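Enquirer: Okay, here's what each chain looks like letter by letter:
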Amino acid sequence: MSDIAPSKNGLLSKIPITRVLTGTLPVAAPTQAPAAVTSAPEAAPTSPAAKKERKVLGKPIKRREDAELLRGDGKFTADMTLPGMVHMALFRSEHAHARLLNVDTSVAQHMPGVVRVITAADIDNKIMPLPCIWIPGCVESHFPSHPMGVPGASRVLAQDVVRYTGDPLAAVVAETPEQAHAALAAIRVTYQPLPVVTRAEDALKPDAPQLHAEVPGNLNAHTQYGDREAAERAIAQADVVIAQRMEIPRTINSPIEPRAGLGQYDPASGEYTLYATSQSPHNHRLLLALMILGVPLNKLRIVAPNIGGSFGTKGYIYPDMPLVLWLAKELGRPVKWVDNREGMMRSTVQGRDQMVEATLCGTRDGRITGLRATCYANLGAYPSTIGPGVATAMVGRSITGAYDIKHAFCEVYAAFTNTVSLGAQRGSGRAEATFVIERLVEQFALEIGMDSLEVRRKNLIKPAQMPFDNGLGWKYDSGDYPAALEKAAQMAGYADIAKQKTEALTRGKRLGVGIASFVAISGVGPSPRMSKEGMLGGTWESALVRVHPTGEATLIIGSKPHGQSHETTFAQVVAEELGIEVNQIEVLHSDTKRAPFGQGSYGSRSFSVGGEAALRAAQAVRAKAVAMAAHMFKTDTQDIVCEDGKLHSRRHPEQVKTIQEVALALWYGWDLPAGMEPTLEATVFFDPPDFNYPYGTHIAFVEVDEHTGQADVVRYVAVNDVGTPGNAAVLDGQVHGGIAHGIGQALYEAAIYDADGQLHTASFADYAIPRAHNLPAFETTRLETPTPHTQLGAKGAGEVGTVGAAAAVANAVIDALADLGIRHLDMPLTPEKLWQAIHDHNTL
Amino acid sequence: MITTHFEYIAPKSLGEAMALLQSPNALALASDSRTFTQLKNGTIKPALLVDLKHVRELRGITQTSDAVRIGAATTLDDVLALRSRFAALAEAAEASGDMQERNSATMGASLLAPASASAVAALIYDAKIEVCDGLAISSLAADSVFAAGFELPRSALIVAVTLPLPADASGSAYVVMARPADGTAICGVGANVTVNAAGTITQCRVAITGALAFPARLTALEAALTGQPAAIETLENAATHAAGTLTCVNDRAASAAYRAQLTKVLSVRAIAQAIAKAIK
Chain A
1345 MSDIAPSKNG LLSKIPITRV LTGTLPVAAP TQAPAAVTSA PEAAPTSPAA KKERKVLGKP
1405 IKRREDAELL RGDGKFTADM TLPGMVHMAL FRSEHAHARL LNVDTSVAQH MPGVVRVITA
1465 ADIDNKIMPL PCIWIPGCVE SHFPSHPMGV PGASRVLAQD VVRYTGDPLA AVVAETPEQA
1525 HAALAAIRVT YQPLPVVTRA EDALKPDAPQ LHAEVPGNLN AHTQYGDREA AERAIAQADV
1585 VIAQRMEIPR TINSPIEPRA GLGQYDPASG EYTLYATSQS PHNHRLLLAL MILGVPLNKL
1645 RIVAPNIGGS FGTKGYIYPD MPLVLWLAKE LGRPVKWVDN REGMMRSTVQ GRDQMVEATL
1705 CGTRDGRITG LRATCYANLG AYPSTIGPGV ATAMVGRSIT GAYDIKHAFC EVYAAFTNTV
1765 SLGAQRGSGR AEATFVIERL VEQFALEIGM DSLEVRRKNL IKPAQMPFDN GLGWKYDSGD
1825 YPAALEKAAQ MAGYADIAKQ KTEALTRGKR LGVGIASFVA ISGVGPSPRM SKEGMLGGTW
1885 ESALVRVHPT GEATLIIGSK PHGQSHETTF AQVVAEELGI EVNQIEVLHS DTKRAPFGQG
1945 SYGSRSFSVG GEAALRAAQA VRAKAVAMAA HMFKTDTQDI VCEDGKLHSR RHPEQVKTIQ
2005 EVALALWYGW DLPAGMEPTL EATVFFDPPD FNYPYGTHIA FVEVDEHTGQ ADVVRYVAVN
2065 DVGTPGNAAV LDGQVHGGIA HGIGQALYEA AIYDADGQLH TASFADYAIP RAHNLPAFET
2125 TRLETPTPHT QLGAKGAGEV GTVGAAAAVA NAVIDALADL GIRHLDMPLT PEKLWQAIHD
2185 HNTL
Chain B
68 MITTHFEYIA PKSLGEAMAL LQSPNALALA SDSRTFTQLK NGTIKPALLV DLKHVRELRG
128 ITQTSDAVRI GAATTLDDVL ALRSRFAALA EAAEASGDMQ ERNSATMGAS LLAPASASAV
188 AALIYDAKIE VCDGLAISSL AADSVFAAGF ELPRSALIVA VTLPLPADAS GSAYVVMARP
248 ADGTAICGVG ANVTVNAAGT ITQCRVAITG ALAFPARLTA LEAALTGQPA AIETLENAAT
308 HAAGTLTCVN DRAASAAYRA QLTKVLSVRA IAQAIAKAIK
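Protein chains in written order, with this note's numbering: chain A, 1345 to 2188; chain B, 68 to 347.
Chain B extracted, bound-state conformation (with noise of 0.2 Å):
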């Protein structure tokens, strides 16, 4: 039960909300289940809640000739529709929640959840964010965000997150295993391959979430695979060695050894799975 008594404010424009957002005790909405939760058990106590959805400037997806930007409080089931060019940005969202959930959760908040499973997307996509602090709208590599966990300024939003289109023959893919109860993932691994037509790997980029602190790319695999020809053993080879060098989350939902080994497995298959449709 929410006992705390809030304003709720839904403002239609960014700058409005961000005024709103520099009063004291006030707090964005995203559509996010966490912030229910915290509001239901009392861990936050806000004076005003701003509810993000209906920001204009926050809504819809746009494509330019090079990039794809999707406005953050676009629902992850209105980014299902980019599947064709961001396969695992699209399995990423289904992953992340059911059909009720996504077409509530947004994609902003989602760069932002415990394990986020568009994190990974971000990462292997080499998206921008675009975080506005209320002075300016700053855009941040993917890469940089995610390294020490990502939070903003409670004053501060995502705008938007922009992905460059990717390069022919190539393909994604992410896959995931989930704590059954909430579909939090245990370990979730994304990927990102050209494959030339000699079947080499010619770019690559493979994320991970859930299994570590936060979520990163495996740069040592995309290393190892890069320049290597798409074949199944050097997959589990690259894999199996990475894999050994991380130090994985030991926690309730799953030991450090079980995160291992499906970091492992996980990124054989999505790789596997990337490269399958790179060479489609």
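Next up, chain A with everything else stripped away, as it sits in the complex (with noise of 0.2 Å):
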């Protein structure tokens, strides 16, 4: 909008007002056009995903977030102060499985500034255990029982028995931190210790320690997806058969920001407050209101401020999201909590943790036909707000990658165990599937002699398959999978390896070259699909778009940030399609008073699902500003055009209004075609027709020292398919943060519990996570085919980088080994393991 400045010197002195009340602005009765009005929007389709040019969209435009971030401007949670505020802290159980016999807090609460101490028994029946949300479709489930009906729950503070090292059993209230903190050492526990169970496989055993009365042999779910029995028929009749047990080790999610939340009620209106990391605000205000404490949704405001990553994690309820706003109206005095790192590890969902036994089948010429895999998924102490579901079905769905495999079955067995409750890492389900079956990709490949480019050219789904149906539940929407290959496999210089490989030994170095081909699920939908999936939630987002009479433009979104920029994306996507600039355009979001209902961020849906909302309800104003102008041109909608933040009339050129014009006009209201409401602003709430399919293939360069075993990753190149992207040089963070978090898991990370359920690993002292001096410069390139569910043609962004990355990397570490007759290592590939492997098979 070239007619409007920057606006520094107060919203209405730019503002052309008289140009609206004069000259072309019509006088004339509202029954002139009424037709006018009715019609559709333009008839030329203006989705971004068919435009050819995109002038914002896209572009990498510099993040307007980074500003106030990297000034220490921008608020989190534990920056935030109320008058009278008081601090919590919570008293966590030291023990992984034992009969609490009694819980004395009498020194405590005389302890200096503690206001108030509570267990169990104080809140027993006024704050309702956390629900469970996702209950796969099963064979056999078992949840422990919530007195709202729902199946899945856990205790807000642990009654009777703690079940993992980190079970709060006990919340402190005090005037400062330190003086909440110095009281939990006054808390004095007599525990009996119980057997402890910590590996899914363990668990399911007859005699292991039993968890929750109502879910014998801690079998949480048994879940299956596609047919048995043709698996194990194309298993008995191939050539070629490769087995593998592969282990995927527990993550501990790590974003730089721990979790916090603040409570406060106000007793003249009733109302609650949650300032919270919260991933999905309004989700997490339902489960509160609804089935956690029991207010009215209306009663219940949940603002979540800027969030330091989350990966998953803060999508989570968690039991200091309850307390805070209970215990702010029972003391009448706001309270907070922050968690540190130590609390954040023992206590936030842990992610992957998959124990697979997996067969593969197919012929000597490199046509795979055949896949089974058993998984046993450790769920932990008690089932996470969707942890079962993610599990189960993320990983039982994905199981055949990005291939097309005719006979295809896998089953979950997921196990309560005393550990931390699992639930969502970047890429969940997808990245520990990936890792499977291209592991077994590998295998297949060293078996009958043939490169692995070459079997996966065999048996990537092409193009000419899409839509397919994977038979596991999945329909891929588009995309050019073996082009991905290809173009990777140029990027890699694939042809050239060997030379590369001799070259390497040179310098005493094994070089390996791991490929991973994936396909992202992401976006999640629609609706009526998760009555089948089991999970009590809907998938659908919103978008307001609002223009001002000023010009500018607000877009508030359903969705929720925790860094991945969506107040530059959305906000390119009005821009787009309104000829906005994007400085002009404010994008608010994650105040549930503000915005109207949405879902918030999980499965990589923000911009593939949010952002379709947003495009539509730039779209409605669009085509509303169209109609309003033709009204003022005394033309028809088909005569207008609407371009840069102007409408103009084909056959009168002369006949121009920008968008701020149309507004204002709008504002006014003084003569609406018939039927038009005044202002320009629309609501829109998208589902999708289904999920979408972002995919990609990575291949890993690793170099391991044969002396000391240490791998490092030297090349990474990464070739994705997001369709439309929102902002290339975001879509580039995303995914160089998701290769990242994908070599933390290849090389680096595990959770350790030992035999007695204590976690070793509770400290960036023990668990380690890839650091910049681990990492090579990532070479990363885009294809871009649209998914065609939406309009955007946007597909999940966030977790592409991860999904195939430890796979890639894993696959390139045991290449450079696979001449010693090594066949497969489970992660993390740590030197001494890999040393310890390169010894034992030299010396056999």
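Note that these hints are calculated values from the structure, not bench results. Do not take every clue at face value.
The following label-pair restraints were derived from C-beta to C-beta distances [said to hold, decoys possible]:
| id | chain 1 | residue 1 | chain 2 | residue 2 | range |
| --- | --- | --- | --- | --- | --- |
| 1 | B | ASP193 | A | ALA1842 | 46 to 52 Å |
| 2 | B | LYS79 | A | GLY1418 | 34 to 40 Å |
| 3 | B | ASN92 | A | ARG1685 | 23 to 29 Å |
| 4 | A | GLY1418 | B | MET166 | 20 to 26 Å |
| 5 | B | GLY82 | A | HIS1454 | 43 to 49 Å |
| 6 | A | ASN2186 | B | ASN92 | 54 to 60 Å |
| 7 | A | GLU1847 | B | SER80 | 55 to 61 Å |
| 8 | A | PRO1427 | B | ASN92 | 32 to 38 Å |
| 9 | B | GLU74 | A | ARG1685 | 22 to 28 Å |
Taking beta-carbon pairs under 8 Å as the criterion, some of the chain A residues facing chain B (in silico) [to be verified]:
| id | residue |
| --- | --- |
| 10 | THR1425 |
| 11 | GLU1519 |
| 12 | PRO1521 |
| 13 | ALA1526 |
| 14 | ASN1684 |
| 15 | ALA2109 |
| 16 | ALA2112 |
| 17 | PRO2175 |
Keep in mind that this is a model prediction, so the values were computed, not measured. Heads up, the beta-carbon is just placed ideally off N, CA and C, and yes, glycines get one too.
Assemble the dimeric complex from its two separately framed chains, guided by the hints.
Expert: Take a look at the structure:
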């Protein structure tokens, strides 16, 4: 909008009001143009996916979020202070499994500054247990009961029994955080230790310790995907059969910002407010209001300020959330809780943790004909908000990866153990499945003596097969999987790899090259499907676009950023559609009081689903502006061209209005087409017709030092297709971070529980995540196949980096050792593990 | 979270610092992350923290004709300036932390750290460590200091480390395999070697950290190499033999067998790099 300079001198100073009120403003009776008003918007498709030339969308403009964050001006939950605020600390169980014989808080209650100490008895029937809202479609499932009738439950404070080290069993509120923590040390708990089980397979054994009375044999769920008989027949008849047991270790989510919450209660209005690190403020509001606290939805407001990363963890409901709210009302003072790193590592949902027994079969000429996998998922102590579904459906339905495998079957046994509850970590389920299939493909290739690139060529789903039903519950929507493979191979110089390996050997390094092709199932939907998936939730997303009578716009979205740049990329969608500059578009979110209902962010859905809602709201606004302009120009809507924030008549090009002028005319509302409502705004709720299916191929180059076992990722090539891009730079950032996550899983990360269920990796001194110097400069590129499910065409982008990365790196490491006869090693591929493997095979 | 309440004083002079450290439950703070961690998890509860960062006598590097004296409160990043004569010292400092950590970490505290890399430098350069116990400053040989683990009484301080200038035609190097989580050495080896014009090793000091209970010189390896030609086979044979005689630490970070392997490999690499620098 060239005629609206950035506002510096007050809102009204720049508005050519007179142009709106005089001149071309129609004064005729509104009956003149009713037909135009009700006609469809412009005939030509305006969807970004269909557009050849995008002006704003996809461009690598700088993140609008960065300035405040880099200056330290960004407000996070822990930065917030309210008058009269007190501080909560949680007493966490020191035992992994024990009966609570006595919890003595008498000394703690009288410690300096202590306001209140509560245990389970104090909140009995006042705060309901936390529900689990994803009960996977099952052969069999068992959950601890919940008084509201939903199947899953974990108590806010443990009563009678604690089930993992970190299980909260008391809360202290004091005037200062230091006083609250000091009082924790004065709480005396008498435990009667119970036998401990920390691995899913062990928990399912007949003599295993039992965690929940309602869950016989610790079996939460047994789920099946695909056709067991067909898969077994294929295996029985196959020329080549590969069987491998693989353990995908548990990871600890490590966002920069630990979780935090601040609860407030206003006795005058009866309204609760929770400021919290929440990925899904609207969902958390519903769960807290309906199932946990029993308050009207309109008496609970959730505000999620800046979030310093989440990777899935902050989409879950945790005990601290209802506690700070309930205590705020009890005490008549705001109650704040801020976790520290150790607390986070001991209590926030952890990821992965699957033991998989997998069998793949095929022909000598490289065709994969069947796959069977049995997974043992370690759910931890309690069913987390959506943990049981993540650990089952997201793995089982994805187990064939990017390949056309006729006969596939996967079953998952999800078991409770004395560990922190399992939940999502970036790429959850899909990364595990990709790891399994990609390791098997490598072994199959080795077995038949074919380059694994060639095996992938033969078995990847072809573009002509799209949409492709994988037989396990996914219908891959679009894309050219072989093109991603070829592009990655070309970037990697794959034809030249033997030479590179020889060169590395002269430096005493074993060079391994690992490929991973993958589909990063994203977006989640539609809502009716969730009823079949057993997930208590809708999958729609909302957007409100409002063009101000001063020419700027406000976009209010139901999804929630926790680092992904919604304020930049979503503004780019609206800017592209309406021709308003990005810096003139304010993006609001994360406050349930001012946003339309929404769903938040998970499963790479924000842009792929919420972006479409924003686009459709912008389209509705554009259509209304076009109709209004047609009315003002006394012409029909087909005659109106809306471009660069201006609307003009094709027939009479001298008739031009800026979108601001149209918005102002709609604000005054003096002369509107019949039936048209004043103001230029629209709200859209969009429910996607299906998931969307970003995909790609990654190739990792790893050098292994034969003498120390040290593995270094020296090159990393990534080709991804996330459909229509929102912002190329933000996308690169997402991909880079995602790859780092995968490299972390492959080489460094593993939560270690000992036989007593003590977590040995509860600090960054013991739990390794990759650092900048561990990572090479990533070489990334994009293909662009818009999803046919939306006009925007965007596919999920937050997880594509991660889903294939661990598999690519593990494949590379094992490739480096393949000539020793090594076929598989479990992650993390630490130097000692690699040296030991080399040592063992060298001396055989 | 630090729940202990304590006084904090940053004295400017050594005398002032020593006096403060005599008060009950006082603790010296030398920017080491271990102290911060212990404060946070409550394993130490000092009444007074005496920050040594601003103590005049403890700061800075001074060079004389035959030695370099590094004040104990000198940051590890400042130590990097000594790279041209003390390559292994600089490499050990680099291995002790990233730039942010090096800008805070001090030479003195780094000698006391578990699996200290600076200790290796002190050992291979035959350093003297000046310790003040409140009454007097004594100069201790690195060899004796680390033999049973280096611990200071609560009221004593390291004042400085003095390194004699290495002979001409000598070179040094430090190589390490560290835990990826916190950078602690599983095995770190430093070597300081002099090679004469004939290509014979005339002087050789090798020290190790992380792999054994305490930082220590590998005297048998030194003896095996001194007077020998600076050839890779010589190194490998000697290192293999030396590693075989050691009793390495066995813990969750690494097995004893792996540490023995690293001792062998990293000794060879450290000595080879030192030789390469010596004959340059």
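Enquirer: State for each hint whether it applies.
Expert: A quick look at each hint next to the structure:
1. ASP193(B) - ALA1842(A): 46 to 52 Å: 49 Å, holds
2. LYS79(B) - GLY1418(A): 34 to 40 Å: At 37 Å between Cβs, range holds.
3. ASN92(B) - ARG1685(A): 23 to 29 Å: 28 Å, holds
4. GLY1418(A) - MET166(B): 20 to 26 Å: Hint holds: Cβ distance 24 Å, inside 20 to 26 Å.
5. GLY82(B) - HIS1454(A): 43 to 49 Å: Given about 44 Å between the Cβ atoms, the range holds.
6. ASN2186(A) - ASN92(B): 54 to 60 Å: Distance hint for ASN2186(A), ASN92(B) holds at roughly 55 Å.
7. GLU1847(A) - SER80(B): 55 to 61 Å: 59 Å, holds
8. PRO1427(A) - ASN92(B): 32 to 38 Å: Since PRO1427(A) and ASN92(B) have Cβ atoms about 37 Å apart, the given range 32 to 38 Å holds.
9. GLU74(B) - ARG1685(A): 22 to 28 Å: 27 Å, holds
10. THR1425: 17 Å, violated
11. GLU1519: 13 Å, violated
12. PRO1521: 6 Å, holds
13. ALA1526: Result: holds, 5 Å to nearest chain B Cβ.
14. ASN1684: 6 Å, holds
15. ALA2109: 4 Å, holds
16. ALA2112: 4 Å, holds
17. PRO2175: 7 Å, holds
When held up to the earlier numbered hints, the structure conflicts with 10 and 11 and fits the remainder.
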